[in-house]
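Here's the letter readout for the chains.
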Amino acid sequence: MTTLTAPPAGVPTEHTLGRNLPAYRQIMRSRLKTAATYRQNVFFLLAIVVVQIFILRKVWSALYQGQHTVDGLTLHAMLVYLTIANLQNWVFQDPTISMYMYDRIREGQVAFDLVRPAGFVPQMFAHLAGSSFATMLFALCALPLVALAGTLGAPASGSAFLLYLLSFVGGYVITALLTLIVGMVAFWTMEISGLTMLYYLVNQFFAGALVPITLFPGALRVLANLLPFQATTYAPVSIYVGRLTGADAWRAIGVQVVWVVLLTLCATAMWRRALHRVVVQGG
Amino acid sequence: MAPVIRVENVVKEFRKTRRQEGAFGGVRTLFTRQYDTVLAVDGVSFGIEPGELVGYIGPNGAGKSTTIKMMTGILVPTSGTVEVAGVVPWRDRERNAMQIGVVFGQRTQLWWDLPLIESFKLIGKLYRVPQPTYERNLERFVEILDMAEFLDRPVRQLSLGQRMRGDLAASMLYEPRILYLDEPTIGLDVVAKESMRTFIEEMNRDSGTTIVLTTHDLADVERLCSRIILIDHGHVLYDGSVEPLKAKYAPHRVLVVKLAADDTGRVPVIDPSHVRGAEIAEQENGVARIRFVASETPVHDLIAAVNARYPVADLSIVEPDLEGVVRQIYGERVPVG
Amino acid sequence: MRVAWELEKASFRGQLEYRLNFVVLTVMGIAYQSSGIAFIWVVLHKFHSIAGWTFPDLAFLYALRLLAHAAWLVPFNQVDMLGYTIREGKFDRFLVRPLNPLVQVMTNRFQMNVVGDVVTAATLFGIAASIADVDFSPVHLLYLVLTVIGGGLAEGAVILAIASLNFRFLQTWAAQYLVDNIYLMFGSYPLKVFGATTSWILTWVLPVAFVAYIPSSVLLGRAGGLHVSPVIAWGAPAVGAVWFYCAYRIWRWQLRSYQSSGH
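Protein chains in written order, with the working numbering: chain A, 1 to 283; chain B, 284 to 620; chain C, 621 to 883.
One chain only, chain A, in its complex shape (with noise of 0.2 Å):
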């Protein structure tokens, strides 16, 4: 394989986004067209979050029995925060970004990808944007089957909502970065899809879509608070119902900061060594 010279790996200069941007779009658009072909498949992976979001609430209902609050959350704040944070959690994991990558490496065309104007990482980014519009439209339209099935609520407050609205925005970052790390595991390993499949029960877990993560017993809780999983779900959920208010919820938004440099620099890093593997071993 002859001797690829890399664009500087990670950002890309204002200049050459301008000028890719048509291309970021025609990724976007074309991921749409496919999760619309697809979309058989889409609504039976909803129908199994759905399901989801039904036993959560008759367990939690179940577990709730007789009490009133518990841990300061009434029992319709709970299963609120459930309903979203399961939804929510559904819209950010999208097996197929990670899959697209494994399948891209696997087959060698990442050496194309590598080589075109538009960078490997900014493309995966645009497909990611992609697929993830078309899973927030598909969201929208089972919304009244959420309702039937969970229980939706309206935020805590105004300022609530506003707060929530940041936080989510944090929270995809992560996901997004997160989501592009494990792709990137591809690179080193062919064993992606049983990979995937964990990183998917663990990020469930750890992100507070069963339970939240206050309700963890300790040492447990301890180590969910230290993982980035939190701060996709967890965080946003519970600023919207409530849960975290004011210096708390501000405190939690700056947590998600840290974690999207953290994870950048992980990622860039983690990008440096995927393209020397590349170009040196031939990918």
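Rather than coming from a laboratory, the hints here were simulated on the basis of the structure. A portion of the hints provided could be inaccurate.
Stated by the list, open to error - Taking beta-carbon pairs under 10 Å as the criterion, some of the chain C residues facing chain B (in silico):
| no. | residue |
| --- | --- |
| 1 | Val623 |
| 2 | Thr646 |
| 3 | Val647 |
| 4 | Pro718 |
All residues carry an ideal CB built from backbone N, CA and C; glycine is no exception.
Dock chains B and C against chain A, hints included.
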């Protein structure tokens, strides 16, 4: 004699779901799927006698594979009858399976990760072949197909030619009455093709196996088949021997004459009036291609006429090939009378 | 039958080649199987019981479900992969061999990580059985064995029926995945948590209840609180068998619509 394979008015329709276009088709399309009906086979009938070696040919999408799949019991006909050695294939799959061998050129029946010999053993057990018969056939095939050197190698490590030979042997191990060969020589080099053809010929001649051969390589057909069935667009266009087909569609032969140069190095040019009953298709640098209709103009007359007037250095006769004939028929797309 | 065993052995020998894959998938399988009980454990740390079922009860229910799932998985795991086998072009070959195509599908590939699932199920069950309040009398033991088989059939029947849609449609993996998840998620809880309507649906429309909830209720001495009569509760294995028989008929019927892959 009653035909061993009987196909009567067989029709096969496929329903393919039509993909809905549009950015966001919505839930509606989940419930109202639209179907396109594809008529792959439209009233095909033929009978094959025991011991025949029939070529079943047609362009891609003609309905060849579909017919074969109905004859082997993989697909159920939409209407019509298929009967193979008294068995309706799709209804009595296991009974039908015992009397047929099938070789798919593109997919192997051998076990990918196991040594070739293990596949043979499994086939022997699967088809309940008595041990002495199994050993006798194995020895025979290993010799004819020259497989001794790679018998112990896993199938995934074999070359295409080796794998095809293995597939062919596997299909005959249990001595089926009928053998279906679907593109058996595809992708093979010249030598491999020849040994496959020899094997097929021998199986037909010595064991009396009825063979249905589907192929795009018309050289296979010319070499092996006395009868061909030509199918296109789900209809049988021709069913009969090869010779009448050629005579009807390609009655012309070409006599290629190479003339010797005289002392000055000049080469004579044949005058058309000297070759009556024939047409000079082209003439260049002393090589003349003379077209004639074999049934109308006896070739020896033609040769004598040329020889009498010109210094002939060399001559040869070019026969029409099946490929040209078939191409012409595909082009016309009309049943051949 | 002997031939089927030969085919199975052949598949096993074939798979010994792919060892790393085995390890990864096994670990993943263990994680997947244990995720449900992890949730229950965390939650019951705080709450002590769900609808009157304590953690040992729930652990037993969960483990019994895993056991029944393994009982299905070991012989029939390839049925889930039917779509892939058809797209590979391998299934055509099964139809021209003198052996039941379903048996051929079952023995097509030996999935090594199934071993991992069985070990996980057995281990979790061992633990759960020791902490749960179960009377292991001979009658109960016999019932346990039968019900594990019957439960496997109850779950497998639906998977088989849906898998047979692969003969007609190309992309059914999502539907299979959904059913798999329904059994996994709903099947691990005492059904009364979900209310009368859902319980009924999960008993008579989809036999989820017969996989683990009803059998574990009987074994835990909670048969009285069931929404079905004791006769049916004790006859749970039979219900599974009936479901499987029907699913097999559907499979045979769908086979007639088999469209085969392109080439």
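Outcome of the hint check:
Because the beta carbon of Val623(C) sits about 6 Å from the nearest beta carbon in chain B, less than 10 Å, this interface hint is met. This hint is violated: Thr646(C) has a C-beta 20 Å from the nearest C-beta of chain B, more than the 10 Å allowed. Here the hint on Val647(C) is broken, as its CB sits about 24 Å from the closest CB of chain B, past 10 Å. Among the interface hints, the one on Pro718(C) holds; its C-beta lies about 4 Å from the nearest C-beta in chain B, closer than the 10 Å criterion.
In this structure, the hints that do not hold are numbers 2 and 3, in rising order.
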